[in-house]
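Model the full structure from these sequences, guided by the hints.
These are the residues of each chain, in order.
2 protein chains.
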Amino acid sequence: MRAVAERALRCQRDGNDVVLIVSAMSGETNRLLGLAHQISPTPEMREMDALAATGEQVSAALVAMTVHALGGKARSLLGHQVNVQTDAAFTKARIQTIEGSKVRSTLDKGEIAVVAGFQGVDPEGNITTLGRGGSDTSAVAVAAAIKADVCEIYTDVDGVYTTDPNICPSARKIERISYEEMLELASLGAKVLQIRSVELAMKHGVPVHVRSSFNDNPGTMVTNEEGLESVVVAGVAYDKSEAKVQLINVPDRPGIVAAIFGSLAERNVSVDMIIQSPSREGGTTTDVTFTVAKTDLTRCKDLIEDKARNLGGAAVEYDPDIVKVSIVGLGMRSHAGIASEMFRLLAAEGINIQAISTSEIKVSCLIHSKYTELAVRALHDGFGLDKGPGAGGQA
Amino acid sequence: MRAVAERALRCQRDGNDVVLIVSAMSGETNRLLGLAHQISPTPEMREMDALAATGEQVSAALVAMTVHALGGKARSLLGHQVNVQTDAAFTKARIQTIEGSKVRSTLDKGEIAVVAGFQGVDPEGNITTLGRGGSDTSAVAVAAAIKADVCEIYTDVDGVYTTDPNICPSARKIERISYEEMLELASLGAKVLQIRSVELAMKHGVPVHVRSSFNDNPGTMVTNEEGLESVVVAGVAYDKSEAKVQLINVPDRPGIVAAIFGSLAERNVSVDMIIQSPSREGGTTTDVTFTVAKTDLTRCKDLIEDKARNLGGAAVEYDPDIVKVSIVGLGMRSHAGIASEMFRLLAAEGINIQAISTSEIKVSCLIHSKYTELAVRALHDGFGLDKGPGAGGQA
Chain A
1 MRAVAERALR
11 CQRDGNDVVL
21 IVSAMSGETN
31 RLLGLAHQIS
41 PTPEMREMDA
51 LAATGEQVSA
61 ALVAMTVHAL
71 GGKARSLLGH
81 QVNVQTDAAF
91 TKARIQTIEG
101 SKVRSTLDKG
111 EIAVVAGFQG
121 VDPEGNITTL
131 GRGGSDTSAV
141 AVAAAIKADV
151 CEIYTDVDGV
161 YTTDPNICPS
171 ARKIERISYE
181 EMLELASLGA
191 KVLQIRSVEL
201 AMKHGVPVHV
211 RSSFNDNPGT
221 MVTNEEGLES
231 VVVAGVAYDK
241 SEAKVQLINV
251 PDRPGIVAAI
261 FGSLAERNVS
271 VDMIIQSPSR
281 EGGTTTDVTF
291 TVAKTDLTRC
301 KDLIEDKARN
311 LGGAAVEYDP
321 DIVKVSIVGL
331 GMRSHAGIAS
341 EMFRLLAAEG
351 INIQAISTSE
361 IKVSCLIHSK
371 YTELAVRALH
381 DGFGLDKGPG
391 AGGQA
Chain B
1 MRAVAERALR
11 CQRDGNDVVL
21 IVSAMSGETN
31 RLLGLAHQIS
41 PTPEMREMDA
51 LAATGEQVSA
61 ALVAMTVHAL
71 GGKARSLLGH
81 QVNVQTDAAF
91 TKARIQTIEG
101 SKVRSTLDKG
111 EIAVVAGFQG
121 VDPEGNITTL
131 GRGGSDTSAV
141 AVAAAIKADV
151 CEIYTDVDGV
161 YTTDPNICPS
171 ARKIERISYE
181 EMLELASLGA
191 KVLQIRSVEL
201 AMKHGVPVHV
211 RSSFNDNPGT
221 MVTNEEGLES
231 VVVAGVAYDK
241 SEAKVQLINV
251 PDRPGIVAAI
261 FGSLAERNVS
271 VDMIIQSPSR
281 EGGTTTDVTF
291 TVAKTDLTRC
301 KDLIEDKARN
311 LGGAAVEYDP
321 DIVKVSIVGL
331 GMRSHAGIAS
341 EMFRLLAAEG
351 INIQAISTSE
361 IKVSCLIHSK
371 YTELAVRALH
381 DGFGLDKGPG
391 AGGQA
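As you go down the protein sequences, you meet chains A and B in turn.
Heads up: the first sequence begins at 1 in the working numbering, then just goes up one per residue.
Heads up: the second sequence begins at 1 in the working numbering, then just goes up one per residue.
Any given hint might turn out to be false.
Some, not all, of what chain A presents toward chain B, calculated at C-beta under 8 Å [what the hints assert, rightly or not]:
1. 36
2. 39
3. 64
4. 69
Pulled a few chain A residues facing chain B out of the computed Cβ check, cut under 7 Å [stated by the list, open to error]:
5. 51
6. 61
7. 356
List of simulated lysine to aspartate or glutamate pairs, EDC-like, C-alpha gap at most 20 Å [claimed, not checked]:
8. 102/A / 122/B
9. 301/A / 266/A
10. 73/A / 317/B
11. 240/B / 122/B
12. 102/B / 124/A
13. 102/B / 266/A
14. 109/A / 122/B
15. 109/B / 266/A
These are computed hints drawn from the structure, not numbers from a lab.
We treat Cβ as the ideally placed atom computed from N, Cα and C, and that holds for glycine.
Okay, structure coming up:
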């Protein structure tokens with residue numbers, strides 16, 4: 001807290017208005033959830049939010065005190081005090097509007113505004129929370145509301161990397177990245193920024209600076225990079241959170257696939273990669289493969305098997321030992337052949353591809369999880385990401 | 001929490017609307033204050049309140065969850081949600097108004113309202129707290145706002161006793177007591193109810209039932225007892241929190257005493273018992289004795305000694321080994337001789353009286369603290385308090 005307060009005061013002395021958005025202290029949210037789960041395995045959601053919001057309230061008060069103790073001026077502001085209006089979806093509320101005026105009037109008094117992240121109020125005045133990692137979203141939303149020059153997100157890493165440095169020693173910190181690339185990387189398992197915070201930053205054009213809490217090095221700037229010359233591949237991501245589901249010998253009729261995925265959607269289960277194999281020669285059946293989050297699998301297994309039975313006894317197979325590796329880059333829009341280069345790099349390592357999905361700026365391949373590190377390193381260096389900006393995309 | 005929730009649900013099933021006012025969990029407020037004092041010995045007051053208020057917020061959410069877990073309906077309500085308006089005196093704010101409508105609308109839905117005690121908001125929307133023990137005051141204030149039939153205060157004792165049962169085995173639980181007597185007892189060191197909560201109850205005519213959290217026995221009803229036949233002495237209290245200060249050989253001139261106490265009042269030090277000895281025969285000096293809270297003594301010592309010097313070298317003596325024992329009873333208004341009976345009972349035990357102060361319904365004597373237990377027992381049984389209502393006051 002002292003480091004945070006000192007940094008904020010330094011920033012203020014440099015002539016900036018400073019707003020801090022704070023999360024709960026390490027372990028605090030888990031402590032609170034633990035108290036709730038002693039009462040019930042499924043505690044009432046409205047009360048979960050009233051409970052969890054105290055974590056950030058404690059942090060905000062303590063950080064403001066620390067600024068005072070260092071001779072500065074600060075004021076803690078809670079969700080309802082800043083009027084962070086959200087919908088009423090307790091524990092995973094979405095921000096609708098924020099009043100910038102309260103933060104602005106605090107800044108105008110020369111005070112540092114210390115805003116409790118992660119929390120808001122619904123239209124009835126109930127306390128809501130934005131779900132885990134919601135403090136990033138709060139930060140971007142406040143930055144948008146007061147039209148801040150930059151939203152700095154402090155993390156335990158130096159910035160956004162070309163891939164996970166833990167498994168690829170040649171991973172480099174990215175200096176600048178576009179919102180769209182960051183969004184794809186976040187969706188694909190890069191944990192540095194919450195997807196919703198990136199979406200919000202893109203929508204409002206808030207420049208986001210992802211940097212380390214532990215040093216003053218510049219981190220990664222996430223901005224609208226459309227105008228700049230883009231590297232072809234900006235980063236390599238991987239995601240082990242999904243499991244593969246295969247429906248074997250499904251009748252090859254129109255509407256069959258829609259019936260399965262429609263019922264999954266009703267249960268709020270997101271299906272990611274979907275491949276329908278071509279009908280076997282002369283046959284009337286096909287195989288349907290898709291991936292779902294491992295955490296969703298248990299609650300949709302019965303539904304899938306039920307559907308499979310109704311479809312005429314199709315067998316169902318599950319495989320949790322898979323990983324999705326992806327390459328992301330704005331440059332793919334204008335460079336052909338990136339996907340086939342990816343397949344070639346994987347094949348050169350003897351890695352079998354189980355499924356493929358693509359978007360305008362990314363290609364994802366599903367492979368056996370035992371190849372995770374091998375595949376990430378091969379793609380990272382194969383696309384020249386070890387060599388720095390401008391060197392990428394020489395494939 | 002389970003016991004609280006079960007009791008509330010039972011009360012609701014009996015046909016009552018139920019509002020719970022909750023305090024922080026045991027140890028929680030101290031934990032939070034400890035965090036603040038790690039930052040600064042004198043943390044900023046506004047932030048202290050934002051911090052401390054989380055204690056009751058956590059309790060309110062957990063109690064509401066517990067009611068839900070038991071199959072009932074409940075809703076936690078925070079100070080700002082109920083609009084408990086206070087002044088801006090952080091850490092010791094006073095309640096100005098409470099909107100009953102939010103609590104009422106919760107009750108009208110068949111829900112138990114679980115209100116976070118101890119907290120409010122000032123006119124600018126800052127979170128305030130009422131000071132230690134403020135939850136009792138919150139309870140009475142909410143009861144007044146919604147015109148509740150009764151405000152039950154749950155404590156770790158069975159009710160209000162004729163004196164402290166820890167030092168007087170014949171102490172009895174009082175069934176009914178007037179606001180005025182309760183107010184005197186609370187001022188004189190009986191810890192069961194906060195003075196401000198009794199004042200507020202008296203002002204709004206809220207009947208207060210002081211009872212045990214651990215059983216269903218009726219406790220003590222605090223009401224407007226004016227119409228009932230009163231016992232002469234309702235209780236015996238003692239207070240060890242004060243120290244005696246003696247100014248010796250002060251010039252016996254008009255305005256001298258006013259000068260001393262005026263400066264103490266400016267420093268917000270309350271002076272309790274004051275005795276000015278008659279001038280010594282033929283002399284021009286006098287002795288002035290008074291008591292102040294031990295906690296105030298350190299911060300007014302320099303001032304007192306300074307004043308004493310300016311008054312011509314009067315000596316100052318301190319004595320912390322004192323106790324104030326008091327008898328309280330509405331009946332004193334109409335019964336003469338109660339004070340002299342008190343002096344007689346103390347003299348019979350060989351206890352020297354160092355100072356005396358009286359009000360319409362109480363007499364206090366300052367004695368050496370070593371006589372505390374002896375004096376309390378002698379007064380308690382001497383005024384017949386060991387024998388039950390109606391037996392008292394036979395002096």
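>> Min Cβ distance, residue 64/A to chain B: is it shorter than 8 Å?
In response: OK, holds: residue 64/A within 8 Å of chain B, min 5 Å.
> Taking 20 Å as the top limit, are the C-alpha atoms of residue 73/A and residue 317/B close enough?
Replying inline: Violated, because 44 Å separates the two Cα atoms, which is more than 20 Å.
> Is the hinted pair residue 109/A and residue 122/B satisfied, with a Cα-Cα distance of at most 20 Å?
Replying inline: Answer holds: residue 109/A to residue 122/B is near 19 Å, not above 20 Å.
>> Need the status of pair residue 240/B, residue 122/B: alpha-carbon distance at most 20 Å?
In response: With a Cα-Cα distance of about 35 Å, the restraint between residue 240/B and residue 122/B is violated, given a limit of 20 Å.
> Can the restraint linking residue 102/A and residue 122/B be considered satisfied, given a maximum Cα separation of 20 Å?
Replying inline: holds, 16 Å
>> So, as I understand it, the hint says residue 51/A touches chain B; can you test that by seeing if any CB pair is closer than 7 Å?
In response: holds, 4 Å
> Does the CB of residue 69/A sit less than 8 Å away from some CB of chain B?
Replying inline: holds, 4 Å
> Any CB of chain B closer than 7 Å to the CB of residue 356/A?
Replying inline: Hint on residue 356/A: violated, closest Cβ of chain B at ~46 Å, above 7 Å.
> When the nearest CB of chain B is found for residue 61/A, is that gap smaller than 7 Å?
Replying inline: holds, 4 Å
>> Next item in the hint list is residue 36/A. Is there a CB on chain B closer than 8 Å to its CB?
In response: At 6 Å from the nearest chain B Cβ, residue 36/A passes the 8 Å test, so the hint holds.
>> For a C-alpha distance cap of 20 Å, please report whether residue 301/A and residue 266/A respect it.
In response: The given pair, whose Cα atoms are some 14 Å apart, holds under the 20 Å limit.
> Measuring from the C-beta of residue 39/A to each C-beta in chain B, is the shortest one below 8 Å?
Replying inline: holds, 5 Å
Violated hints, listed in ascending order, are 7, 10, 11, 13, 15; each of the other numbered hints is respected by the structure.
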